[in-house]
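Chains as they are written, first to last, in this note's numbering: chain X, 1289 to 1930; chain V, 893 to 1140; chain U, 182 to 420.
Simulated from the structure, these hints should not be mistaken for laboratory data.
Computed from a predicted structure; not experimentally measured.
Please note: incorrect hints may appear among the correct ones.
Unchecked claim - Far from chain U, by Cβ distances over 10 Å, these chain V residues were calculated:
#1 R901
#2 P921
#3 R942
#4 D963
#5 S1010
#6 S1067
#7 D1099
#8 E1111
What the hints assert, rightly or not - Partial list, computed: chain X residues near chain V (C-beta under 7 Å):
#9 D1359
#10 G1433
#11 T1434
#12 Q1457
#13 D1472
#14 T1574
#15 S1577
#16 Y1742
#17 G1839
#18 Q1840
#19 L1842
#20 N1845
Ideal placement from N, C-alpha and C gives every residue a C-beta, glycine not left out.
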Amino acid sequence: MIADKSILDSKIPEGPIQEKWANHKASVKLVNPANKRKYTVIVVGTGLAGGAAAATMGELGYNVLNFCIQDSPRRAHSVAAQGGINAAKNYQNDGDSAWRLFYDTIKGGDYRAREANVYRLAELSTSIIDQSVAAGVPFAREYGGTLANRSFGGAQVSRTFYARGQTGQQLLLGAYSALMRQVDSGRVKLFPRREMLDVVKVEGRARGIVCRNLVTGELEKYAADAVCVATGGYSTVFFLSTMAVNCNATAIWRCYKQGALFGNPCFTQIHPTCLPQAGDDQSKLTLMSESLRNDGRVWVPKKKKDDRRPQDIPEDERDYFLERKYPAFGNLAPRDISSRAAKEVCDAGYGVGPTGFSVYLDFGEAIGRLGENVIRERYGNLFSMYHEITDENPYEQPMRIYPAPHYTMGGLWVDYNLMTTIPGLYALGEANFSDHGANRLGASALMQGLADGYFVIPSTISDFLAEHRPDGLNTTHEAFTEIEQKVADQTKQLLGINGSKTVREYHWELGRIMWERVGMARNDEGLKKAITDIQALRTDYWKNVKVGGEGQELNKNLEFAGRVADFLELGELMARDALTREESCGGHFREEHQTDDGEAKRDDERFCHVAAWEYKGDNETPARHEENLTFDNAKLTQRSYK
Amino acid sequence: MKVNVKVWRQENKDAQGRFETYEVVNLIPEMSFLEMLDTLNEQLLKRGERPVEFDSDCREGICGTCGLVIDGMAHGPKRACTTCELRMRNFNDGSTITVEPFRAQGFPVLRDLVVDRSAFDRIISAGGYVSVNSGSAPDANAIPIPKDIAERAMDSAACIGCGACVAACPNASASLFVGAKITQFSLLPQGQAERHKRAVRMIETMDNEGFGNCSNHAECEAACPKNISIDNIARMRREYMKGSLKAV
Amino acid sequence: MSVISIWNSTIGKKVVMAITGIGLMLFLVVHLAGNLLLFVPDEGQAFNQYGAALKSMGPFLYVIRGGLLAFFLFHIFAAIQVYTSKKRARSGRYAVETSKGGPSKMTVASKSMIVTGAVLLIFVPLHIYMFGMNKGAPPPMVMIDGNEIKDIYSMVATSFNQLGIVVFYVATMLFLGFHLRHGFWSALQSLGAMSPRWTPAIYTAGFVFAFLLAGGFVVLPVYFYFFIDAPVASAGGAL
């Protein structure tokens, strides 16, 4: 495991951390305004990162081609973020600063993120709020007309901006409107209902993409001077997650297979307060705001398989396990810890509900203390959402919750400029690995997506483009024909198997393996078993999957088939990454590496680095590279929540 | 539980459509309507038949991708609810449910229940934005916005762009969708500079996309999963008249 | 931006419909108010005086009539265009169509505006032919304030003693009621004239307005048919 410096040059600028970004912006090469229109930039994805990037580069004058799998750019899954967006505005005068936000993010990420990137993120956070407000995002306000803030995810300052429970939607619509303005001006050309199926490299450099038109089924080729992928995370590898059903890893996975390194694939976040699964045909899990834990008490019956109604179980027969295990934080213990504790009690047979895989979140005590009206005021919309989905009235009986895969901190490895290890190929937002380390703090995902899209990539891309003048390359180049053929062959192969198991059945099985062995708690044996199980499942997939339909038509099952094929490879890489990271940090919990009282135990001696995986060929073991992380500003300390 | 679904099947944009009825078994009441269709599709695939194509994404009522007309109602019988949030317990065991695509000239059917709503994007690109380049914004608190104005703007901004308003309107009018966006920006100080030009251009585009007139049936408001009020339409009309009379 | 392009827009058209609709509704109010004079038990004195007063307006009356005609034509013209655009916009029909209730104001009235409007379109020329141009029951003359004018009271009384005419009038006025039930509120909504908190009140007012206006017009022929005998002098009657 010797770091290969030649591959992993993070290009962090010199100077004190507070000045790195300013210095870097001052030193990047620029493209003359008159020449910008001669450059074509492809942006794949229209979420906060992709939409903002395409809009901003359009404003700058580049010729932008923007792709998304949805029928409209406004539907990217950023839309579903509920809570809010952090920014170090210090409007509340409670001592916040870019430095404090930087420090909280580094610590929250359990010291597995790059200091320089995180500081830049904290610095840019304030501009994001300015930009969004100017674009007409209706953030919550105080009576005096100033912006309202709340404290989120246990932060000690109030720095979270929000628009009801729809902050992601409003920020996305802000970016989307900026994007549509550029579409109107002709600077951005929009390609909805297109799925990127491969990146095209010419002389080692990313020069375009091949995508499938999801309406006609035709393969389309597009050439450009640079390619940005902003295609989001990959929690759907677990089958059931809080992500949208179309979220997938295909774009970044195909980049990985073309030589882009994949950073920290095993870093995934499991969110503790989701609605439990109701049946085997369920397609996704619904997230309930974490704020519920402020007043709800988490418990299970002390007796195994207790089938009494929760109201009928007396107080002394209940196990308030979070309060018992973590007396100081109780029900407010961090996401990873709460999630793990719930899984443990359910695995031990104490779980409740029809499946035995849920725990109670009880508001009885809070309603008794504060009155139903106060609870209704605080959580009314969440309670009615719960009631609607489960048909159980949470004012009368406890809610049932269970953890669910939510966000993936891992992604394509990028340097300070957001460029992957393929020159000219950039990764933005959740699709890259960069800013959240081993655990993302609440309200930070929106911040990162918009920072990358509005401010980082528009500055850093010119440094590359200025060095690589437009050369008239187009899609008649043989590299395009080659990749197109490769993609067409895969489609043909998938359609030709015509086996007996559906794509969904395979995805479901993969999800079970991932959840059981590469989920909240991982161990050596389980991960090794996961790798062999996934390999076996993958082999079977290519022999026995039934896709149906044709390639040259709207065929959603075929889309899923391609994505599941990639998940069957990605899942293995995640397990492999988790296996080699012999420590516990953030969302990655290795049972072998815990303190005496069950806390995550980091190993800074051996693992204070980013693991970046290099594809070596089908069924070959990928190579692991390391980017060492140094903490000159935030001091390395062990997290404790007792 | 089990249900019979009478589903619209249409090969492509130009093909003639027809209804097919399928029995779907082994359902549970907690299932969402789309999960029922997922189950149907698994059954169809296993039998070697073509699955029913329909759009969906977030499956939690915010992305606006899903949208079916169920028993004659956009997003089904429940109010303030998207198709993906609708649960099977709202239907009787053994009942027959008619499932149709959104029907409107502005939303051509692509296949089965999948429709093309890109007209909405074209309407937004005709002015549904504030013209401000990234990086040129003043401090976010430089312009105070009274809480009630911000709240009203948010009421309008809550639109998810699903198109249920068009589907439910007997005239297939897009007025609620367009009205909500025009209202949002007409309320906010940031939207003032382009206020009237925006209204005129967006409405011209809406008309050119083939949506019908609004005849004030208000069925759109009833179908809207986000409870957006037809007051947005009234406001849109004022904005348009002011804008267009100024320009005469 | 030209006036034509405003007219061509969906909103411009609805504004025209609203303004002309409101104008026509005001006319109906005045018309009904005048008609109510028929109830004055003075053998038609008051009603005939009202007729004389109108007549004495001279050329101004023609201006009003011309204006009304223009409103009427614009209203119809816009209505036809709205209807055809609707037909175009919703060319594929649903197999099942159901209202979701709640705030919906989709009713038989709102969905049949084109039908109720068409009935009124047939009715109005007939009505003018019959009473305005006196082609129904040619009236005898009567002396009002020293001038000899047509006895329109007895003309009404004669016509409304024939069952056919009464049934035709009552039926048409029911259609008018339905048209106004949606039209009143719709006109104000089309002008964007209301603040949101007034919407429920205006919608209710629309019902009251339609009920009173149509009711007023219905009561007249019924009252004459059952309670007032036709003047002996003029049998004949309208239609």
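Each hint, compared with the structure:
Remark: the non-interface label on R901 of chain V is consistent with the geometry, its nearest Cβ contact in chain U lying 13 Å away (cut-off 10 Å). Here P921 of chain V stays apart from chain U, with its beta-carbon at least about 21 Å from theirs, past the 10 Å limit. With a closest Cβ-Cβ approach of about 21 Å to chain U, R942 of chain V is found to remain outside the 10 Å limit, as its non-interface label requires. Non-interface call for D963 of chain V relative to chain U: violated, since the shortest CB-CB distance, roughly 6 Å, does not exceed 10 Å.
The Cβ of S1010 of chain V lies farther than 10 Å from every Cβ of chain U, with a closest approach of about 16 Å, so its non-interface assignment holds. Its closest Cβ contact with chain U, about 8 Å, brings S1067 of chain V to no more than 10 Å, contrary to its assignment away from the interface. For D1099 of chain V, the requirement that its beta carbon stay farther than 10 Å from each beta carbon of chain U is not met, with the minimum near 5 Å. Some Cβ of chain U comes within 10 Å of the Cβ of E1111 of chain V; the nearest lies about 4 Å off, and the non-interface call is violated.
At a threshold of 7 Å, the smallest CB-CB gap from D1359 of chain X to chain V is about 6 Å, leaving the interface hint in force. The beta carbon of G1433 of chain X is positioned within 7 Å of a beta carbon in chain V (closest approach about 3 Å), and the interface hint is therefore held. The restraint placing T1434 of chain X at the interface with chain V holds, with a minimum CB-CB distance near 5 Å, inside the 7 Å limit. Because the beta carbon of Q1457 of chain X sits about 6 Å from the nearest beta carbon in chain V, less than 7 Å, this interface hint is met.
Nearest Cβ of chain V to the Cβ of D1472 of chain X: about 4 Å, under the 7 Å cut. The hint holds. The beta carbon of T1574 of chain X comes within 5 Å of a beta carbon in chain V, closer than 7 Å, and the hint placing it at the interface holds. At about 12 Å, the closest approach between the beta carbon of S1577 of chain X and any beta carbon in chain V exceeds 7 Å, and the interface hint on this residue is violated. Below 7 Å, beta-carbon pairs count as interface contacts, and Y1742 of chain X has one with chain V at about 5 Å; its hint therefore holds.
Restraint check, G1839 of chain X versus chain V: the minimum CB separation of about 14 Å is more than 7 Å; hint violated. A distance limit of 7 Å between C-beta atoms decides the matter here; for Q1840 of chain X the minimum to chain V is near 11 Å, and the interface restraint is violated. At its closest, the beta carbon of L1842 of chain X sits 4 Å from a beta carbon of chain V; the interface hint therefore holds under the 7 Å criterion. Taking 7 Å as the C-beta contact cut-off toward chain V, the hint placing N1845 of chain X at the interface holds, the least distance being around 6 Å.
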